[in-house]
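**Student:** Protein chains in written order, with the working numbering: chain A, 1 to 463; chain B, 1 to 64.
Quick caveat, the hints were computed from the structure, so don't treat them as lab data.
Beta carbons are placed, not taken as given, at the ideal position from N, Cα and C, and that holds for glycine.
It is possible that some hints are incorrect.
No more than 30 Å apart at the CA atoms, straight line, and that leaves these computed lysine-lysine pairs for DSBU-like [unchecked claim]: (1) Lys449(A) to Lys17(A); (2) Lys108(A) to Lys449(A); (3) Lys234(A) to Lys92(A); (4) Lys30(B) to Lys386(A); (5) Lys16(A) to Lys456(A); (6) Lys92(A) to Lys386(A); (7) Lys62(A) to Lys16(A); (8) Lys92(A) to Lys26(B); (9) Lys55(A) to Lys234(A); (10) Lys30(B) to Lys92(A); (11) Lys108(A) to Lys252(A); (12) Lys386(A) to Lys26(B).
Pair by pair, the computed Cβ-Cβ distance ranges are [stated by the list, open to error]: (13) Arg47(B) to Gly253(A): 41 to 47 Å; (14) Asp29(A) to Glu52(B): 51 to 57 Å; (15) Arg44(B) to Lys234(A): 34 to 40 Å; (16) Ala41(B) to Arg288(A): 37 to 43 Å; (17) Ala51(B) to Asp96(A): 44 to 50 Å; (18) Ser16(B) to Gly67(A): 51 to 57 Å; (19) Gly67(A) to Asp15(B): 54 to 60 Å; (20) Arg263(A) to Gly18(B): 42 to 48 Å; (21) Ala37(A) to Glu34(B): 38 to 44 Å; (22) Ala41(B) to His231(A): 36 to 42 Å; (23) Asp363(A) to Ser16(B): 29 to 35 Å; (24) Ala51(B) to Gln277(A): 34 to 40 Å.
Partner residues are not named here, just some residues of chain A that face chain B (Cβ under 8 Å, in silico) [stated by the list, open to error]: (25) Asp304; (26) Ala307; (27) Ser310; (28) Ala325; (29) Arg326; (30) Leu329; (31) Gly343; (32) Arg356; (33) Arg357; (34) Arg358; (35) Arg359; (36) Arg362; (37) Trp393; (38) Pro434; (39) Phe435.
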Amino acid sequence: MSIPTLAEAAALIAAKKLSPVELTQACLDRMSAMNGALNAFILPTEERALSDARKAEAAIMKNGPMGPLHGIPMGLKDIVDTAGIPTTCQSKLLADNIPDTDATCAAKLAAAGTVLMGKLTTHEFADGGPSFDVVAPPARNPWNTDHFTAGSSSGTGAAVASGMILCGIGTDTGGSIRGPAALCGIAGIKPTYGLVSRAGVAPAAFSLDTIGPMAWTAEDCALMLQVLAGHDPKDPASADRPVPDYSALLGKGLKGVRIGVIRHFHEEDSPVSAPVQGGIDNAVAFFRDAGAVVSDVTLSPLQDWHAAGSLISMTERAAAYEEWARTRLDEFGERVQRRLMLGALVSGVDYVQAVRRRRELRDELRNAMRNLDVVLTAAAPGEAPKIDAIARWDVFASPSFTIPFNVSGYPAMSVCSGFGPSGLPLSLQIVGKPFQEATVFQVADAFEKGTAFRGKRPATIAA
Amino acid sequence: MPATLTDDALDYLLDSAGLTLTEAQKADLKTIHESLTAMKARVRQKRGHMAELAHSFGFTAEDL
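Let the sequences and hints guide you as you build the complete structure.
**Tutor:** Here it is in structure tokens:
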């Protein structure tokens, strides 16, 4: 069976031309063939998957599907609590942790009739990676297993790209959905802060953490976000707003859509590779040809956004894990140990200055987008690097293209923009205004459907 | 911020944070002092004493 998108599978299931059991078995077969090499799943749940699939099939045959996610194989990043199923956060500290209740996002996906394929590999506590000294090995890039997936939603990126799942949950504090989406050649959106409940998901940095969908296409992400979004009183940061139809603008075209390019981020502040630049330039030309109005946008340097976001992230993370850092530091992997140590070097005043800078930067972006619908920049500096070539202190190695939109809280999506000379995916990032995810999907979907990149899967897949 | 992080200063900071590190870990941490100092300088833009924090996103109609 070739790998359908979530939207394609949903249509076939609704027409009773595809059985959820058949679809799930095909995903399980791919998992069996490839997870040994990719380490996308830390804990496959084959029996649960087939049980979910059979229940979905019976229900659909009787009453039709509840919605597009009914019968769809998906995975949950292993920092998302799952009742009765181990949730380790890829850490020795939680090796034996079995939650009593589902995280809100897990419960919502279950209620929508999804098929749980398993718990997905993550960086330890959704922090830096890759780590080779934690409870399980890191995920590898399905396009070339010597290469990094990015993280921390590393397993989700690998599992979607290789067709083991049709969609999955990621979380994003500084780029942990968009980075793996970029390097694994899939679609991933960090929604507006507060749109998707964080209840039951291990924290990384409270004021930056966002939960979101990762899937093959923007349309698939829209369908998944439709289920995930909405107020949850268990999350104190949860936005209390009506949930719109995230698919409403798909297929509406781009005529008159106003796109700003934050060109200096990826051309001057931290120049991307020539292939990534080419992908962005081609995308800009595509958008212009489609009738969008494209202009340049100037913000503070990327390094300013990176500094504010990083100082906030370091401090909030150090606070969240302070007790364990003080008493069990050596039980973390080395990479996370290093990150946690940084908390000792950042003062309360440093943190406050970073949060004041955050307001200034957010105001800048708001003003810059006053007459725009979306802005666009790089999602990653190049193709995926080798997995053993990640800098020891990567937070200081180069500024992040993704953290500006955690700093601002705005929704931001990574989509595939082509393939580089090594055959690895290229990417770009589309950013919308708060709670305007539908517009982000509109632009991303138009780009995907107007280009041929979604037609190519990793050669390693035994389809 | 001092240009270098002395051993005594680092020990004081680690002690205040309640962290116990090996000598190798302390040496590793000292290697990023300059980068971290640069990061801290970037968030210290010229601003008045009344400049507010971003307590919440507080999205308004103007954002949409």
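**Student:** The structure should be examined with respect to each hint, and the outcome stated for every one.
**Tutor:** Right, here's what the structure says about each hint:
1. Lys449(A) to Lys17(A): This hinted pair holds, its Cα atoms lying about 24 Å apart.
2. Lys108(A) to Lys449(A): The given pair, whose Cα atoms are some 29 Å apart, holds under the 30 Å limit.
3. Lys234(A) to Lys92(A): The given pair, whose Cα atoms are some 27 Å apart, holds under the 30 Å limit.
4. Lys30(B) to Lys386(A): With Cα atoms ~27 Å apart, Lys30(B) and Lys386(A) stay inside 30 Å; holds.
5. Lys16(A) to Lys456(A): The hint holds at about 27 Å.
6. Lys92(A) to Lys386(A): 25 Å, holds
7. Lys62(A) to Lys16(A): Given that 30 Å is the threshold and the Cα spacing comes to 11 Å, the pair holds.
8. Lys92(A) to Lys26(B): Answer holds: Lys92(A) to Lys26(B) is near 23 Å, not above 30 Å.
9. Lys55(A) to Lys234(A): 29 Å, holds
10. Lys30(B) to Lys92(A): 27 Å, holds
11. Lys108(A) to Lys252(A): 29 Å, holds
12. Lys386(A) to Lys26(B): Status holds; Cα separation ~28 Å.
13. Arg47(B) to Gly253(A): 41 to 47 Å: The hint (41 to 47 Å, Cβ to Cβ) holds, given that Arg47(B) and Gly253(A) are roughly 43 Å apart.
14. Asp29(A) to Glu52(B): 51 to 57 Å: The hinted range 51 to 57 Å holds for Asp29(A) and Glu52(B), with Cβ atoms some 56 Å apart.
15. Arg44(B) to Lys234(A): 34 to 40 Å: 37 Å, holds
16. Ala41(B) to Arg288(A): 37 to 43 Å: Hint holds: Cβ distance 39 Å, inside 37 to 43 Å.
17. Ala51(B) to Asp96(A): 44 to 50 Å: 47 Å, holds
18. Ser16(B) to Gly67(A): 51 to 57 Å: Holds: the Cβ-Cβ distance is about 52 Å, inside 51 to 57 Å.
19. Gly67(A) to Asp15(B): 54 to 60 Å: 55 Å, holds
20. Arg263(A) to Gly18(B): 42 to 48 Å: 45 Å, holds
21. Ala37(A) to Glu34(B): 38 to 44 Å: Given a distance of about 40 Å, which is inside 38 to 44 Å, the answer is holds.
22. Ala41(B) to His231(A): 36 to 42 Å: 39 Å, holds
23. Asp363(A) to Ser16(B): 29 to 35 Å: Check passed, 34 Å falls within 29 to 35 Å.
24. Ala51(B) to Gln277(A): 34 to 40 Å: With Cβ atoms ~36 Å apart, the hint holds.
25. Asp304: With a minimum Cβ separation of about 5 Å from chain B (threshold 8 Å), the hint on Asp304(A) holds.
26. Ala307: 4 Å, holds
27. Ser310: 6 Å, holds
28. Ala325: 6 Å, holds
29. Arg326: At about 4 Å, which falls below the 8 Å cut-off, the nearest Cβ of chain B leaves the hint on Arg326(A) intact, so it holds.
30. Leu329: 7 Å, holds
31. Gly343: 6 Å, holds
32. Arg356: 5 Å, holds
33. Arg357: 4 Å, holds
34. Arg358: 4 Å, holds
35. Arg359: Holds, about 4 Å.
36. Arg362: 6 Å, holds
37. Trp393: With Cβ-Cβ at 5 Å, under 8 Å, it holds.
38. Pro434: 4 Å, holds
39. Phe435: At 7 Å from the nearest chain B Cβ, Phe435(A) passes the 8 Å test, so the hint holds.
Hint check: no violations occur; every hint is consistent with the structure.
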